[in-house]
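Novice: Chain by chain, the residues:
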Amino acid sequence: QKEVEQNSGPLSVPEGAIASLNCTYSDRVSQSFFWYRQYSGKSPELIMSIYSNGDKEDGRFTAQLNKASQYVSLLIRDSQPSDSATYLCAVTGGSQGNLIFGKGTKLSVKP
Amino acid sequence: ETGVTQTPRHLVMGMTNKKSLKCEQHLGHNAMYWYKQSAKKPLELMFVYNFKEQTENNSVPSRFSPECPNSSHLFLHLHTLQPEDSALYLCASSQDRRGRSAPSEQYFGPGTRLTVT
Numbered sequence: 001q002k003e004v005e006q007n008s009g010p011l012s013v014p015e016g017a018i019a020s021l022n023c024t025y026s027d028r029v030s031q032s033f034f035w036y037r038q039y040s041g042k043s044p045e046l047i048m049s050i051y052s053n054g055d056k057e058d059g060r061f062t063a064q065l066n067k068a069s070q071y072v073s074l075l076i077r078d079s080q081p082s083d084s085a086t087y088l089c090a091v092t093g094g095s096q097g098n099l100i101f102g103k104g105t106k107l108s109v110k111p
Numbered sequence: 001e002t003g004v005t006q007t008p009r010h011l012v013m014g015m016t017n018k019k020s021l022k023c024e025q026h027l028g029h030n031a032m033y034w035y036k037q038s039a040k041k042p043l044e045l046m047f048v049y050n051f052k053e054q055t056e057n058n059s060v061p062s063r064f065s066p067e068c069p070n071s072s073h074l075f076l077h078l079h080t081l082q083p084e085d086s087a088l089y090l091c092a093s094s095q096d097r098r099g100r101s102a103p104s105e106q107y108f109g110p111g112t113r114l115t116v117t
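Protein chains in written order, with my numbering: chain A, 1 to 111; chain B, 1 to 117.
One chain only, chain B, in its complex shape (with noise of 0.2 Å):
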């Protein structure tokens, strides 16, 4: 595997569900991304975990759980969706240095197309 990596591709959960997204990049990399896109939406930023520590939450629901077990996996958590957290997910990463002042480029997963019914 390169690059990042995200499964499901695709996913219909029902309301009452409970669902994870995983995510793994294998870039060496030591920060990474969740984002939501929506149509005619930009890219929401959603949770950071740089150096394995949450920078980072949007706020963002509770009904989305993050979590980081260590600098290559990324996972989040979903229960008790409603219809309009259909969307995109993606995955990102990125190799940054505490105190570094221009954060370096991210790379994105091919995403999890997710579906609330």
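Next comes chain A alone, as it looks inside the complex (with noise of 0.2 Å):
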């Protein structure tokens, strides 16, 4: 079974500070991985793809792939009190390279 692992948090930064959210992933031959954020009552939003080893920069969002270590992560600086919301790490798996996504992290950010 392709597994996606997140911790579900919550986890608390406060505003202006750097938020680290992580992603560890079993498939190892996964290709292709994204980061949504999903608001409460929301539907998930893509924020990030990254496809290969290294940091892929966007605005205020940061995403980290090490295929090696079989390890996504999205950093958010100076988090603001709406990135307060549930990030959900999804990665490409199975025969059909379908997506498969984690329980989500749960941010808050503190004013």
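I should point out that these hints are in silico values taken from the structure, not numbers from a laboratory.
Hints may contain errors.
In silico lysine-lysine, DSSO-like type, Cα no more than 27 Å apart, as pairs [claimed, not checked]:
hint: 1; chain 1: A; residue 1: 106; chain 2: B; residue 2: 19
hint: 2; chain 1: B; residue 1: 19; chain 2: A; residue 2: 42
hint: 3; chain 1: A; residue 1: 103; chain 2: B; residue 2: 22
hint: 4; chain 1: B; residue 1: 41; chain 2: A; residue 2: 106
hint: 5; chain 1: A; residue 1: 42; chain 2: B; residue 2: 18
hint: 6; chain 1: B; residue 1: 19; chain 2: B; residue 2: 40
hint: 7; chain 1: B; residue 1: 52; chain 2: B; residue 2: 18
hint: 8; chain 1: A; residue 1: 2; chain 2: A; residue 2: 103
hint: 9; chain 1: A; residue 1: 67; chain 2: A; residue 2: 106
hint: 10; chain 1: B; residue 1: 40; chain 2: A; residue 2: 110
hint: 11; chain 1: A; residue 1: 67; chain 2: A; residue 2: 103
hint: 12; chain 1: A; residue 1: 56; chain 2: A; residue 2: 106
hint: 13; chain 1: A; residue 1: 42; chain 2: B; residue 2: 40
hint: 14; chain 1: A; residue 1: 42; chain 2: B; residue 2: 36
hint: 15; chain 1: B; residue 1: 40; chain 2: B; residue 2: 52
hint: 16; chain 1: A; residue 1: 110; chain 2: A; residue 2: 42
hint: 17; chain 1: A; residue 1: 42; chain 2: A; residue 2: 103
hint: 18; chain 1: A; residue 1: 103; chain 2: B; residue 2: 40
hint: 19; chain 1: A; residue 1: 106; chain 2: B; residue 2: 18
hint: 20; chain 1: B; residue 1: 19; chain 2: A; residue 2: 2
hint: 21; chain 1: A; residue 1: 2; chain 2: B; residue 2: 40
hint: 22; chain 1: B; residue 1: 19; chain 2: B; residue 2: 52
hint: 23; chain 1: B; residue 1: 52; chain 2: B; residue 2: 22
hint: 24; chain 1: B; residue 1: 18; chain 2: A; residue 2: 103
hint: 25; chain 1: A; residue 1: 56; chain 2: A; residue 2: 67
hint: 26; chain 1: A; residue 1: 106; chain 2: A; residue 2: 2
hint: 27; chain 1: B; residue 1: 22; chain 2: B; residue 2: 36
hint: 28; chain 1: B; residue 1: 40; chain 2: B; residue 2: 22
hint: 29; chain 1: B; residue 1: 41; chain 2: A; residue 2: 67
hint: 30; chain 1: A; residue 1: 56; chain 2: A; residue 2: 42
hint: 31; chain 1: B; residue 1: 36; chain 2: A; residue 2: 103
hint: 32; chain 1: A; residue 1: 106; chain 2: A; residue 2: 42
hint: 33; chain 1: B; residue 1: 41; chain 2: A; residue 2: 103
hint: 34; chain 1: B; residue 1: 41; chain 2: A; residue 2: 42
hint: 35; chain 1: A; residue 1: 110; chain 2: B; residue 2: 19
hint: 36; chain 1: B; residue 1: 18; chain 2: B; residue 2: 36
hint: 37; chain 1: B; residue 1: 22; chain 2: B; residue 2: 41
hint: 38; chain 1: B; residue 1: 18; chain 2: B; residue 2: 41
hint: 39; chain 1: B; residue 1: 41; chain 2: A; residue 2: 2
Note that this is a predicted model, so its numbers are computed, not measured.
Could you fit the two chains together into a complex? Lean on the hints.
Specialist: Okay, structure coming up:
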């Protein structure tokens, strides 16, 4: 069974700090990695995708991928209260390469 | 309309009812998905339609029946559901090419909150 593991949190950080969200996955042949943000009562919103080892930056968000360690992370710089949400890690897996989601990490940014 | 739309947004149905969920994508994508999201559980993939062909059915009970008449529309027909089927049902779409090694991003609709009484 292919799995994606995330710490459920809640992860609490003060406003302006860096929030670090982590994800590990079990399928060594996974090729695509995504971070989604889900506000309470809303649907997941894609915020980052990463396909190769290293860092990818987009505004205040940086995704980091280490395929050897089967580890992907999301850093949020200058965290704002509006970043408070559940962050879902998704990884391709299985014979069809469909997405496998983690349970999500709940982030709370305190003013 | 833009993005991925779903109707209805909320649905309450009895166990003997028959209802349908509708999804429409306005992104020009060729793959569509149904997911189920229950409390405390990860998103569960139910069905995948790629190039209008069903390519995945993750052992979903037959009381859920998908229909994909074209690449822009996706339905989920529901009948004789159980209370444990109460959940948020999400539709998503993506642009995929056959044989592509790295699947592309999926975009979600707002979901249908289903309650089975």
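Novice: All the hints need checking, so say for each whether the structure fits it.
Specialist: Hints, one by one, checked against the model:
| no. | hint | verdict |
| --- | --- | --- |
| 1 | 106(A) x 19(B) | 33 Å, violated |
| 2 | 19(B) x 42(A) | 22 Å, holds |
| 3 | 103(A) x 22(B) | 26 Å, holds |
| 4 | 41(B) x 106(A) | 13 Å, holds |
| 5 | 42(A) x 18(B) | 25 Å, holds |
| 6 | 19(B) x 40(B) | 26 Å, holds |
| 7 | 52(B) x 18(B) | 24 Å, holds |
| 8 | 2(A) x 103(A) | 13 Å, holds |
| 9 | 67(A) x 106(A) | 24 Å, holds |
| 10 | 40(B) x 110(A) | 24 Å, holds |
| 11 | 67(A) x 103(A) | 20 Å, holds |
| 12 | 56(A) x 106(A) | 22 Å, holds |
| 13 | 42(A) x 40(B) | 15 Å, holds |
| 14 | 42(A) x 36(B) | 14 Å, holds |
| 15 | 40(B) x 52(B) | 32 Å, violated |
| 16 | 110(A) x 42(A) | 21 Å, holds |
| 17 | 42(A) x 103(A) | 15 Å, holds |
| 18 | 103(A) x 40(B) | 7 Å, holds |
| 19 | 106(A) x 18(B) | 35 Å, violated |
| 20 | 19(B) x 2(A) | 33 Å, violated |
| 21 | 2(A) x 40(B) | 18 Å, holds |
| 22 | 19(B) x 52(B) | 22 Å, holds |
| 23 | 52(B) x 22(B) | 15 Å, holds |
| 24 | 18(B) x 103(A) | 30 Å, violated |
| 25 | 56(A) x 67(A) | 14 Å, holds |
| 26 | 106(A) x 2(A) | 22 Å, holds |
| 27 | 22(B) x 36(B) | 14 Å, holds |
| 28 | 40(B) x 22(B) | 25 Å, holds |
| 29 | 41(B) x 67(A) | 25 Å, holds |
| 30 | 56(A) x 42(A) | 26 Å, holds |
| 31 | 36(B) x 103(A) | 13 Å, holds |
| 32 | 106(A) x 42(A) | 14 Å, holds |
| 33 | 41(B) x 103(A) | 6 Å, holds |
| 34 | 41(B) x 42(A) | 16 Å, holds |
| 35 | 110(A) x 19(B) | 42 Å, violated |
| 36 | 18(B) x 36(B) | 18 Å, holds |
| 37 | 22(B) x 41(B) | 23 Å, holds |
| 38 | 18(B) x 41(B) | 26 Å, holds |
| 39 | 41(B) x 2(A) | 15 Å, holds |
Taken one by one, the earlier hints fail for this structure at numbers 1, 15, 19, 20, 24, 35, listed in ascending order.
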